[in-house]
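A.B. asks: As a plain string of letters, each chain reads:
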Amino acid sequence: MDVTAKPKPRVTPDNRPFWEGCREHVLKLPWCAECGRAFLPPAPVCPRCFGERIEWRAASGRGTVTTFVVVHQPWFPAFADDLPYNAAQVELEEGPRLTTSLVGIADEDIVVGLEVEAEFDDLDGETTLPRFRPRGPGGPRGSSGHAG
Amino acid sequence: MTVISDRAAIAGIGASRFGRHLPESQLALGAAAFRAALEDAGLDRSEVDGLAVNLGWPLGLDYDRIAEAFGLDVRYVNQTWTHGRFVTMALQQAALAVGAGLAEVVACVAVASFTRERDLLGGPGDFEGMREEGGTHAENPPYGLTAPAAGAALAYRRYMSLYGATTDALGEVAVTLRSHALRNPNAVMRKPMTRDDHRASREVVAPLRLFDCCIVSDGAVVVLVTSAERARDLRKPPVFISGMQGIRAGRDEFIFAPPGLGINQQRPGRVTPRPEDGDALRMAGIERGDVDGLYTYDAFTPLVLFVLERFGFCAPGEAHAWVRGGRIALGGALPVNTSGGLMSEAHVSGWNSIAEIVRQLRGEAGERQIAGARYLQWATVWGDSIVFRR
Numbered sequence: 001m002d003v004t005a006k007p008k009p010r011v012t013p014d015n016r017p018f019w020e021g022c023r024e025h026v027l028k029l030p031w032c033a034e035c036g037r038a039f040l041p042p043a044p045v046c047p048r049c050f051g052e053r054i055e056w057r058a059a060s061g062r063g064t065v066t067t068f069v070v071v072h073q074p075w076f077p078a079f080a081d082d083l084p085y086n087a088a089q090v091e092l093e094e095g096p097r098l099t100t101s102l103v104g105i106a107d108e109d110i111v112v113g114l115e116v117e118a119e120f121d122d123l124d125g126e127t128t129l130p131r132f133r134p135r136g137p138g139g140p141r142g143s144s145g146h147a148g
Numbered sequence: 001m002t003v004i005s006d007r008a009a010i011a012g013i014g015a016s017r018f019g020r021h022l023p024e025s026q027l028a029l030g031a032a033a034f035r036a037a038l039e040d041a042g043l044d045r046s047e048v049d050g051l052a053v054n055l056g057w058p059l060g061l062d063y064d065r066i067a068e069a070f071g072l073d074v075r076y077v078n079q080t081w082t083h084g085r086f087v088t089m090a091l092q093q094a095a096l097a098v099g100a101g102l103a104e105v106v107a108c109v110a111v112a113s114f115t116r117e118r119d120l121l122g123g124p125g126d127f128e129g130m131r132e133e134g135g136t137h138a139e140n141p142p143y144g145l146t147a148p149a150a151g152a153a154l155a156y157r158r159y160m161s162l163y164g165a166t167t168d169a170l171g172e173v174a175v176t177l178r179s180h181a182l183r184n185p186n187a188v189m190r191k192p193m194t195r196d197d198h199r200a201s202r203e204v205v206a207p208l209r210l211f212d213c214c215i216v217s218d219g220a221v222v223v224l225v226t227s228a229e230r231a232r233d234l235r236k237p238p239v240f241i242s243g244m245q246g247i248r249a250g251r252d253e254f255i256f257a258p259p260g261l262g263i264n265q266q267r268p269g270r271v272t273p274r275p276e277d278g279d280a281l282r283m284a285g286i287e288r289g290d291v292d293g294l295y296t297y298d299a300f301t302p303l304v305l306f307v308l309e310r311f312g313f314c315a316p317g318e319a320h321a322w323v324r325g326g327r328i329a330l331g332g333a334l335p336v337n338t339s340g341g342l343m344s345e346a347h348v349s350g351w352n353s354i355a356e357i358v359r360q361l362r363g364e365a366g367e368r369q370i371a372g373a374r375y376l377q378w379a380t381v382w383g384d385s386i387v388f389r390r
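Respectively, the protein sequence lines represent chains L and H. Just so you know, we're using the numbering used here here: the first sequence kicks off at 1 and counts up by one. Just so you know, we're using the numbering used here here: the second sequence kicks off at 1 and counts up by one.
It is possible that some hints are incorrect.
Claimed, not checked - Which bits of chain H does chain L cover? Going by a derived footprint, with three or more residues having C-beta under 8 Å, they are:
#1 96-109
#2 133-141
#3 144-156
#4 198-207
Calculated from the structure, these hints are not laboratory results. A virtual CB, placed ideally from N, CA and C, is assigned to each residue, including glycine.
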């Protein structure tokens with residue numbers, strides 16, 4: 001592993017549709033066709049009913065920040081220029097929570113309960129990370145007004 | 001009475017010196033602790049026929065290397081993948097093994113050279129955090145989220161928002177545990193800490209500061225477990241394992257948050273203590289109010305608050321206020337981690353606190369003795385627990 005590079009997501013047979021969706025700028029979630037609910041993290045069976053019929057569907061991309069942190073420690077050489085930077089958990093409208101990061105807002109303005117919407121960060125030709133941006137009452141790109 | 005209750009006991013404890021950047025090898029630290037434990041119990045090395053290890057490769061010594069180097073001939077081994085969370089499991093399995101006749105004397109051997117292996121604790125060297133869907137403390141390296149501290153920080157931020165808690169409550173925990181270490185000549189951290197020192201310490205992963213994170217240290221502890229009958233004939237008074245409950249796992253569990261807080265996929269809604277979180281007390285036949293002191297895995301200050309709530313010493317959302325005024329200090333209503341814990345004594349994965357429980361119940365804790373200590377509880381935020389009695 002190249003320790004100077006930012007780590008990439010590990011794509012597995014279980015989560016491949018998620019990362020392929022991100023490349024197409026669509027946030028997709030696994031749904032159980034038996035009990036009809038979305039879940040995360042991706043898995044070959046439904047954690048509620050153990051059903052095996054898993055369907056991938058586009059999610060709304062909207063959610064709410066349930067918690068967040070601001071990293072100050074230079075753990076990764078590749079993130080040194082980003083310090084300090086945030087990471088957050090977002091509860092999607094469909095229910096599951098996703099670990100991600102927030103853009104379009106200063107770290108000191110982030111609060112639990114912030115309503116956000118997914119956008120997509122194309123790191124290179126292969127990997128796209130979903131990140132989330134505040135959404136205001138006026139529309140998807142909202143009135144957050146913060147540089148970040 | 002459950003069949004395992006009071007059937008096994010700790011007969012001996014031993015420790016190496018604790019410090020940072022110690023020159024000794026892990027084997028040397030382990031041998032020093034092992035020798036001290038045998039001497040404490042009055043047991044011969046040849047009488048140890050079992051090993052329990054929760055810190056093997058990549059951090060510490062594996063069971064086979066220990067047996068080979070120390071000249072042991074064991075017939076029972078339990079080794080988990082290296083994690084602090086498996087302290088309770090190692091000790092419980094040792095008690096079950098001697099209770100079931102799989103071994104006469106099990107040595108729980110914990111050796112940690114964290115200063116030498118600190119790359120494991122976050123960043124590119126934390127290969128466990130690089131697993132698919134991230135690490136077990138919510139590490140997510142593509143977003144730069146790494147190290148167990150991140151999980152504790154995620155949990156405490158949400159706790160702050162739900163209950164109006166502040167980071168000053170964490171300062172109370174850090175200062176209290178440091179005050180305990182000041183009464184412990186073997187503690188690594190011997191410099192007094194004030195609330196202002198805590199506030200002034202640098203941010204690591206906000207809301208956590210440096211003084212919310214345990215020390216990175218080197219050291220070894222060995223705990224010898226045998227049957228209650230055998231222990232009664234040995235040099236020191238037995239410390240009985242009276243009640244226990246196992247580690248919890250499931251979608252409502254996150255390693256560094258009480259159930260219901262809402263981290264990862266935990267369903268929101270705090271109900272604590274849940275009936276099953278009182279299993280160890282019930283097995284020991286005591287009430288929560290009978291517990292004379294609480295010992296916990298204090299890798300990060302929020303974990304102390306969370307364990308107080310999970311085990312019902314206070315209600316959900318109350319711990320940040322409950323700990324004020326010396327309640328968890330020596331002399332308070334519920335002294336916590338009286339040797340200084342991972343925060344200020346040493347990070348021997350919690351075994352240093354298990355050794356302290358034994359000293360306390362024997363009345364050997366010197367100027368930090370809990371007067372008349374009869375029942376002490378080890379309990380972790382991930383829900384496992386052991387009740388010890390003298």
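A.B. asks: All the hints need checking, so say for each whether the structure fits it.
C.D. replies: Results for each hint:
Under a criterion of three residues with beta carbons nearer than 8 Å to beta carbons of chain L, the stated coverage of the region 96-109 of chain H fails, only 0 such residues being counted. Note: the region 133-141 of chain H has 5 residues with beta-carbon separation from chain L under 8 Å; the three-residue rule is met and the coverage holds. A stretch counts as covered by a chain when three or more of its residues have a beta carbon under 8 Å from one of that chain; for the region 144-156 of chain H and chain L the count is 9, and the coverage holds. Three residues within the 8 Å Cβ limit are the bar, and the region 198-207 of chain H against chain L gives 6, so the coverage statement holds.
Hint 1 from the earlier list is the only one contradicted by this structure; the remaining hints agree with it.
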